[in-house]
Amino acid sequence: AQRVTQPEKLLSVFKGAPVELKCNYSYSGSPELFWYVQYSRQRLQLLLRHISRESIKGFTADLNKGETSFHLKKPFAQEEDSAMYYCALSGYGNKLVFGAGTILRVKS
Amino acid sequence: KAGVTQTPRYLIKTRGQQVTLSCSPISGHRSVSWYQQTPGQGLQFLFEYFSETQRNKGNFPGRFSGRQFSNSRSEMNVSTLELGDSALYLCASSPGTPNTGELFFGEGSRLTVL
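Protein chains in written order, with this note's numbering: chain F, 474 to 581; chain W, 13 to 126.
Don't take every hint at face value.
To be verified - Footprint (simulated), chain F over chain W, 3 or more residues, beta carbon under 8 Å: (1) 58 to 68; (2) 113 to 120.
As the list claims (entries may be wrong) - Far from chain F by the CB rule (all over 12 Å, computed), these chain W residues: (3) PRO20; (4) GLN29; (5) VAL31; (6) SER45; (7) GLN49; (8) PRO51; (9) GLN53; (10) ARG75; (11) ASN83; (12) GLU87; (13) GLU94.
If you're looking for bench data, these hints aren't it; they were derived computationally from the structure.
In this text, a Cβ means the ideal position worked out from N, Cα and C, and glycines have one as well.
I would like the entire structure built from these sequences, with the hints used as guidance.
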């Protein structure tokens, strides 16, 4: 079965501190993994996908198949990073399995 | 381009009634997916339509159904509403092929069942 686990409901950090949002997955095939973000009063939107191996807004995520993880990292948090972050796994077509989400609060 | 548009944005129904929600995808997008979001279960996949055909289906009872029209607009219907159907229903569109996993979400339709 496909499953995505985000162990933290809330992560609170100070501005300038490093951020790591954890995501673990369960999938029998070759996974496609994504991070989606929802800022306050905005729509859910794609932040980044593992196949692109890109950095978006300073965030990166590396797929670790051995640990079945896809943690989201940023070296220096900014206040505008405060949002709800969802890790998602893609199966067939556009079916995404989402984790429960982690609220990131960046304090000044 | 205009974003994904969902109507109505808010609605209140009573148990046993049925409801129809509408979604207009981004122009040119042929895939429309529906998700249910609740505080307890989070975001759960309902179904996906591509070129008027259901391409994928989640684990929801048959009371939940959908369809897609030739202009890619989609509707979902929930019959015999239950209290537990209260949720935010999100529609998302994508070009449909190739599947990149990038979905463009609407603002959602918030359904309250009394």
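Hint by hint, where does the structure go against what was stated? Just the numbers, ascending. Result: hints 6, 7, 8, 9 break, sorted rising.
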